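Chemist: Here are the chains, one letter per residue:
There are 2 protein chains.
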Amino acid sequence: MKNTNPTGTVLYTLEQTIKEYRKMAQKKISSIVHDITVDQCLVLIILHKNPQYSQKEVAEMIFKDNASITRIIDLMVKKDYISRKIHETDRRKFNLEITQKGIETIALLIPTIQKNRTDALAGLSENEIVLLDQLLTKVLINCKTDHEK
Amino acid sequence: MKNTNPTGTVLYTLEQTIKEYRKMAQKKISSIVHDITVDQCLVLIILHKNPQYSQKEVAEMIFKDNASITRIIDLMVKKDYISRKIHETDRRKFNLEITQKGIETIALLIPTIQKNRTDALAGLSENEIVLLDQLLTKVLINCKTDHEK
DNA sequence: CAAATATAATTGATATATCAATTAAAAATA
DNA sequence: TATTTTTAATTGATATATCAATTATATTTG
Chain A
1 MKNTNPTGTV
11 LYTLEQTIKE
21 YRKMAQKKIS
31 SIVHDITVDQ
41 CLVLIILHKN
51 PQYSQKEVAE
61 MIFKDNASIT
71 RIIDLMVKKD
81 YISRKIHETD
91 RRKFNLEITQ
101 KGIETIALLI
111 PTIQKNRTDA
121 LAGLSENEIV
131 LLDQLLTKVL
141 INCKTDHEK
Chain B
150 MKNTNPTGTV
160 LYTLEQTIKE
170 YRKMAQKKIS
180 SIVHDITVDQ
190 CLVLIILHKN
200 PQYSQKEVAE
210 MIFKDNASIT
220 RIIDLMVKKD
230 YISRKIHETD
240 RRKFNLEITQ
250 KGIETIALLI
260 PTIQKNRTDA
270 LAGLSENEIV
280 LLDQLLTKVL
290 INCKTDHEK
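The listed protein sequences correspond, in order, to chains A and B.
Be aware that the first sequence starts at 1, since it is given in the numbering used here, and climbs by one per residue.
Be aware that the second sequence starts at 150, since it is given in the numbering used here, and climbs by one per residue.
In case anyone wonders, no lab produced these hints; they're calculated from the structure.
Note that the coordinates shown come from a computational prediction; the quantities given were computed from them, not determined experimentally.
Please note: incorrect hints may appear among the correct ones.
Said to hold, decoys possible - Chain A residues, not near chain B, derived (Cβ > 10 Å throughout):
(1) GLN16
(2) THR17
(3) SER54
(4) ASP74
(5) LEU131
(6) LYS144
As the list claims (entries may be wrong) - Partial list, computed: chain B residues near chain A (C-beta under 7 Å):
(7) THR166
(8) LYS168
(9) LYS205
(10) GLU206
(11) VAL207
(12) PHE212
(13) LYS213
(14) ARG266
(15) GLY272
(16) LEU284
(17) ASP295
Even for Gly, the Cβ is constructed at its ideal location relative to N, Cα and C.
Given the sequences, and given the hints that come with them, work out the whole structure.
Modeler: Okay, structure coming up:
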């Protein structure tokens, strides 16, 4: 009875879980702010905490590649959440500045974002959360070392 | 020291882990068969085990929505992995048949797919895998019940 | 049976993911 | 310093995700 899912592995549950979490989180966020995605929220939060980050650094923080982050930030600039200014000392980079609208949006959404996380983890003890993180990290490292060689 | 990741939750590790797994799996699969994606492989496997499944049933099995599965199968039909025939008794549905090329591809890829999974879970005991699955399922159910209401 | 409702699949619009190629600028090195 | 190599960001191509609207067909119900 352990493996009833199609491919017989926990990796299926992993896939399904993150998908449901994303759906749930997006639904809650959309109900407060209509023109923002979960990923765009994360970019705002990262930049809020680390105003000096380049696109590349933001990308690494949320596991996106450079191409994805370019497009995500393009959209955020269009929607006036962020502005791009050329970096003073390294002209390959940008300074990314959160706009007033961006700041207001963060304030509006932070409670929701935090609630999404606690809701997702409801019923798990502190120990279980730590354990989950450890087990996931093992899998993560396996995959990383595997495809980096 | 528990949470060093940007948003301070295990959900980040979850996101990162599934992304690395997908990358690793795609890389290994691409090295054997060049014109197929991980998701397309899954469709082949599902149909192989359940030849009578409709698109909708395949979709549910791998957590895709109808729109996604329509497009995935479109591509697979174009690449001659699958053929669509109208269902005899319910003309809203299709019978999806794996082609000869599809069957050969499955045979070629199954060892790789299985190796990907065991590699990803290397170093985890049976108990740990069961535990991981249980913890993930708790999160999954939290998210589902949350956004289904 | 006819009308209303439900279901399977498709399509359009928009966002993200991935890979490869490109550009511009910075850093390293001969 | 001139040349080579790296790095940051962009762009193009293709695949997938999500939502909403639509089409065609089945099923239910009045």
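Chemist: Checked against the structure, which of the hints given earlier come out wrong?
Modeler: 1, 2, 5, 6, 9, 10, 11, 13
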